[in-house]
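S.K.: Residues per chain are reported as follows:
2 protein chains.
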Amino acid sequence: MNGASLSFLIISLLFSVTAESSPCSINGMPLVRNISELPQSDYGRGGLSHITVAGSVLHGMREVEVWLQTFSPGSRTPIHMHSCEEIFIVLKGSGTLYLASSSHEKYPGKPQEYPIFSNSTFHIPVNDAHQLWNTNKNEDLQVLVIISRPPVKVFIYEDWFMPHTAAKLKFPYYWDQECFQTSLKDEL
Amino acid sequence: MNGASLSFLIISLLFSVTAESSPCSINGMPLVRNISELPQSDYGRGGLSHITVAGSVLHGMREVEVWLQTFSPGSRTPIHMHSCEEIFIVLKGSGTLYLASSSHEKYPGKPQEYPIFSNSTFHIPVNDAHQLWNTNKNEDLQVLVIISRPPVKVFIYEDWFMPHTAAKLKFPYYWDQECFQTSLKDEL
Ligand SMILES: [Zn+2]
Ligand SMILES: [Zn+2]
Chain A
1 MNGASLSFLI ISLLFSVTAE SSPCSINGMP LVRNISELPQ SDYGRGGLSH ITVAGSVLHG
61 MREVEVWLQT FSPGSRTPIH MHSCEEIFIV LKGSGTLYLA SSSHEKYPGK PQEYPIFSNS
121 TFHIPVNDAH QLWNTNKNED LQVLVIISRP PVKVFIYEDW FMPHTAAKLK FPYYWDQECF
181 QTSLKDEL
Chain B
1 MNGASLSFLI ISLLFSVTAE SSPCSINGMP LVRNISELPQ SDYGRGGLSH ITVAGSVLHG
61 MREVEVWLQT FSPGSRTPIH MHSCEEIFIV LKGSGTLYLA SSSHEKYPGK PQEYPIFSNS
121 TFHIPVNDAH QLWNTNKNED LQVLVIISRP PVKVFIYEDW FMPHTAAKLK FPYYWDQECF
181 QTSLKDEL
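So the sequence lines, in the order shown, correspond to chains A and B.
In terms of this note's numbering, the first sequence opens at residue 1 and continues consecutively.
In terms of this note's numbering, the second sequence opens at residue 1 and continues consecutively.
Each statement offered as a hint is correct.
Derived DSS-like pairs (lysine-lysine); straight-line CA-CA distance at most 30 Å: (1) Lys137(A) / Lys92(B); (2) Lys110(B) / Lys153(B); (3) Lys153(B) / Lys153(A); (4) Lys137(B) / Lys92(A).
Some chain B residues flagged as far from chain A (calculated, every beta-carbon gap over 10 Å): (5) Ser41; (6) Gly74; (7) Lys137; (8) Phe171.
Please keep in mind that the hints were generated in silico from the structure rather than gathered at the bench.
Here a beta-carbon is modelled for each residue, glycine too, at the ideal position from N, C-alpha and C.
Just chain A, with the same shape it has in the complex:
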């Protein structure tokens, strides 16, 4: 083997390793994927397990995105708001949905509480502040989450009486951060 073919081999190896080791590349991803083999993490949020089942940043979706999330007892989402549609399907466990339907005021205000349970479904009205909480001390809460217009742009509130003008935009959101730049580069 001469010098030229050796460097070609090394370069080819480097490229193939880079392509396969990146969790952010949609190239070479199989069409049918086993959900139990997809990347899973708490993304720095204790008590959460998040899997992007089909996503904008990870899989090139443009109009819908699906997550599988598990909340350990006591864990919860932040109080938050978004202008996209969101549908929940509860696969396991139970908990509480807090929803401020009067979010048209200057702040979300005291939310209404809705018990949620296994095999239930609900959707969040666009622009209403809400929070999902595993209030069941004995069991994990597992939900499928479907959002429109990904990647999600989320406004986070510290409490229900924080003015809308003080809410903090978190974008890209927790699970989109790692691959967001790579995905943008792919588009260019």
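With chain A held as given, fit chain B with the ligands onto it using these hints.
M.R.: The following block gives chain B with the ligands in isolation, referenced to the frame of chain A:
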């Protein structure tokens, strides 16, 4: 009771019966719904059980819609195509996805076959003709289906070599038919 109050009572009764007995009204629908109590039908397609978990026509969704569908052994979708995004999550059973990725030709053409299995996920590339088939003789195939831009507008092919120009638009689709007119009236 005089004549006036009696007719008031009758009119009130008529109104309340009408409001509650219509499966097409989103008024008074609870925010959190038990999926096992939602209307279920085969909509004239043998071997299918369809439930609209959250829908445009039934629940006022504008950007996403979710179905829970069960296919008995041997049953299948038509060969069809749509310009919206579609994500599948297989909850139970197994089967085959037929997908014509070369749908950019004059007709879909011979499809590729992909085995699908419990806890798998896949999405259909926009405008690619496809068909889902429960090819497992021993078990029902149950899937969650998520589509964007509801209500769905479907082009149906009699076979994989029918020209795109001969495919038939079915709109409103099977499960949207009953309530479609009512929903339009609600919007006006
Ligand atoms: Zn949300
Ligand atoms: Zn389809």
